[in-house]
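J.: For reference, the chains in residue letters:
Protein chains: 2
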Amino acid sequence: MNLKVNKNRLWQSLTKMAEIGPGDNGGSCRLALTDADIEGRNLLKSWAAQLNCSHRLDSMGNLFIRREGNNGKAPVLMGSHLDTQPCGGRFDGVLGVLGAIEVLRVLEENNIKTEHPLEVVVWTNEEGVRFSPAMMGSGVFSGVFKQSEIFLHKDNNGVSVEQALHNSDQLGSEACKSFPIEAYYELHIEQGPVLELENKTIGVVTGAQGISWSHVTLNGQSAHAGTTPMNYRKDPVSGMIQIVKGLQEIIKEQKSSLYTVGGIESQPASINSVANKVLFTVDLRHPEDAILKIMQQKFKSLIDEVCARENLKSELNNIWYSPAISFNKSCISKVKIATEKLGYSYQNIVSGAGHDACQISYVAPVGMIFIPCKGGLSHNEAESISPENAQAGANVLLNAVLESSVIN
Amino acid sequence: MNLKVNKNRLWQSLTKMAEIGPGDNGGSCRLALTDADIEGRNLLKSWAAQLNCSHRLDSMGNLFIRREGNNGKAPVLMGSHLDTQPCGGRFDGVLGVLGAIEVLRVLEENNIKTEHPLEVVVWTNEEGVRFSPAMMGSGVFSGVFKQSEIFLHKDNNGVSVEQALHNSDQLGSEACKSFPIEAYYELHIEQGPVLELENKTIGVVTGAQGISWSHVTLNGQSAHAGTTPMNYRKDPVSGMIQIVKGLQEIIKEQKSSLYTVGGIESQPASINSVANKVLFTVDLRHPEDAILKIMQQKFKSLIDEVCARENLKSELNNIWYSPAISFNKSCISKVKIATEKLGYSYQNIVSGAGHDACQISYVAPVGMIFIPCKGGLSHNEAESISPENAQAGANVLLNAVLESSVIN
Chain E
-13 MNLKVNKNRL WQSLTKMAEI GPGDNGGSCR LALTDADIEG RNLLKSWAAQ LNCSHRLDSM
47 GNLFIRREGN NGKAPVLMGS HLDTQPCGGR FDGVLGVLGA IEVLRVLEEN NIKTEHPLEV
107 VVWTNEEGVR FSPAMMGSGV FSGVFKQSEI FLHKDNNGVS VEQALHNSDQ LGSEACKSFP
167 IEAYYELHIE QGPVLELENK TIGVVTGAQG ISWSHVTLNG QSAHAGTTPM NYRKDPVSGM
227 IQIVKGLQEI IKEQKSSLYT VGGIESQPAS INSVANKVLF TVDLRHPEDA ILKIMQQKFK
287 SLIDEVCARE NLKSELNNIW YSPAISFNKS CISKVKIATE KLGYSYQNIV SGAGHDACQI
347 SYVAPVGMIF IPCKGGLSHN EAESISPENA QAGANVLLNA VLESSVIN
Chain F
-13 MNLKVNKNRL WQSLTKMAEI GPGDNGGSCR LALTDADIEG RNLLKSWAAQ LNCSHRLDSM
47 GNLFIRREGN NGKAPVLMGS HLDTQPCGGR FDGVLGVLGA IEVLRVLEEN NIKTEHPLEV
107 VVWTNEEGVR FSPAMMGSGV FSGVFKQSEI FLHKDNNGVS VEQALHNSDQ LGSEACKSFP
167 IEAYYELHIE QGPVLELENK TIGVVTGAQG ISWSHVTLNG QSAHAGTTPM NYRKDPVSGM
227 IQIVKGLQEI IKEQKSSLYT VGGIESQPAS INSVANKVLF TVDLRHPEDA ILKIMQQKFK
287 SLIDEVCARE NLKSELNNIW YSPAISFNKS CISKVKIATE KLGYSYQNIV SGAGHDACQI
347 SYVAPVGMIF IPCKGGLSHN EAESISPENA QAGANVLLNA VLESSVIN
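Which chain is which? The protein sequence lines are E and F, in order.
Numbering of the first sequence is given in the numbering used here, commencing with residue -13 and proceeding in unit increments.
Numbering of the second sequence is given in the numbering used here, commencing with residue -13 and proceeding in unit increments.
Next comes chain E alone, as it looks inside the complex:
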């Protein structure tokens, strides 16, 4: 059986949703639990009602739209988020929710019943813009965050998460906590350039990178650019250059590893003085925790070695560590098999960004599906995908979900 979703209907749904909280430049602005966000949820619920689905909210405002199956069995979940960045695109998160609704529509019009109930989930405040942190609803659901603490977080106007949930009528009676889940699938745009550049329709997501963030300060000695010979200098710029070169070597040793030095600032930044201080940021990533930790260790040794050689003093502050995540092998396999059955070009890919799926992977078997987005652009109103790829992604979602939920 090789079911497909309705390309035009899916695209119309995406277009209709984008009209709620419209941006000035073709994108959307639906910050979590604002009127626009609630209007989007209401539109979704109106579509769910046409499919004879029930819905419920938990205490974090996570919205579950349920299509019944054999009720003794754990449901198969699919979803993502409807909230956006302030000048966000139309597809980040939205595709995962509306793709899932389109799956339900296809099952309904084909009169297909599944053993496992199906639930379309809208996780609250994935973007983390109005309230920090990101992936909030899925994070509380999976126990990564504590609801009592999260409830106290406030937006810029002093409104707490709890108040916002209450005011928007999204404070559900059901406790926000995990329950038995057969599988969770999330369809998402890649938010990176790889699939487009590799000319692939589908990314079979195998997990998410571990991330290590560091602030580095190198202290040297300010000196006159004209009167101080090279060998008498304690130049933190020279140290920084060697450390970044060393990082490039560390990256070369480890396939799939990434480093980014995004922020650099020298002080006092005078054209004719050797700097006395350089501050820079380092973002290290790898899909495997053990390897990321080795990289971090090598990075630390590298700093010590360079500073000893260059007569500098260093401060290394590891400000954040997010462990790598591997998705469920069976779910990954079901995504891959569905993709192959449908005849789409694909490749395995590790998510560079965080997703609700990462949080859910702590409490349930998880699979993710990526489709290309134009130029890798996201968190931008110009975010763009093709209707064909949207359909392809939803087709893979449909078929993977059917594999997990078992047609009866």
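Don't take each hint at face value.
Since the list gives no way to pick one copy over another, a pair counts as held whenever it fits inside one copy or between any two copies.
What the hints assert, rightly or not - Here are the simulated lysine to any residue pairs, SDA-like style, with alpha carbons at most 25 Å apart: (1) LYS279 to ASN258; (2) LYS231 to THR203; (3) LYS360 to TRP199; (4) LYS231 to GLN253.
The hints are simulated quantities; they were obtained by calculation from the structure and are not laboratory data.
Got chain E; can you put chain F on it based on the hints?
T.: Just chain F now, with coordinates in the frame of chain E:
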């Protein structure tokens, strides 16, 4: 004949002068043509009067203290400046003037007459702090600057150079322009660490470095640190690293060359984004113009090569070029012979900083003498030299001047 100056008298003069416009931390503050600067000049003139010397001012306020010789002959000049940085040291410039006065005292007490008249010169506004540019008085004298333009430059209170000269009674009737000069000698602290680190008493200054200043901008493309593989990035930080490494190679190829990257700033400086722009400054120096120009050309090619490889766009803006200066061979030789006669350890050295001597070298034979300063520190109240080295420097000045001025 191996005359020496009086160490204690020289040191007392330096101490006395430092008490005028005293800094809070042991240094001096005598900005050009302020009351403190004039008080310093008046103290100097009182010392000159005891030596039966005449004095005159030119239209830039350059002060000439004259000891007669055979008046048909061109004078031998020695001097420097008495103005200081806002929190300046006691010796920068001052040593060259008071060392010269000490030379006159020794000649007077030993009843020595010279064929060539001797003149101690105080150049106006060497520091360039109150009025821009630096080396102003010597620059107009040598024709590097035009007096009519310089006269219009204003300080932070809107007072012009011309007004300040008038108000302070330093606007001399003699036109500020060069006249026949047998030789000009300037004794100065090194303002760098070389002599101290090499344990040398005297630096025989052979000239001043050529200087090339550039602003470089590298434009890349901002990208997500997690979703953008290394080979898809256009990372201006990576380009900057390669350019600075390349600069280090260019420096290695050329003895006595210097590079300084003092200012670096990445934008938007986000820890989890590849930067889209890096701005940095480059200061290149070499004692020979031809070589400095080759270095600058190699630097330009390097930028083009790196940007082509890394898919970046560059802007290279050469904002200043100051040609290298070679001092007069005969003057250099006289300084060296005097140093050797006196038995001081020495080495040849190229000045990294600008000095009045650099300007005068365009219109007269010039020699310079450096002595060590503690830790290379200058433009700082903690600027420090030893009385022994001050004496050694003045001894070399005395003997070099005697060689040029011919005892009769």
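J.: Report the numbers of all earlier hints that the structure fails to satisfy, in ascending order.
T.: 3
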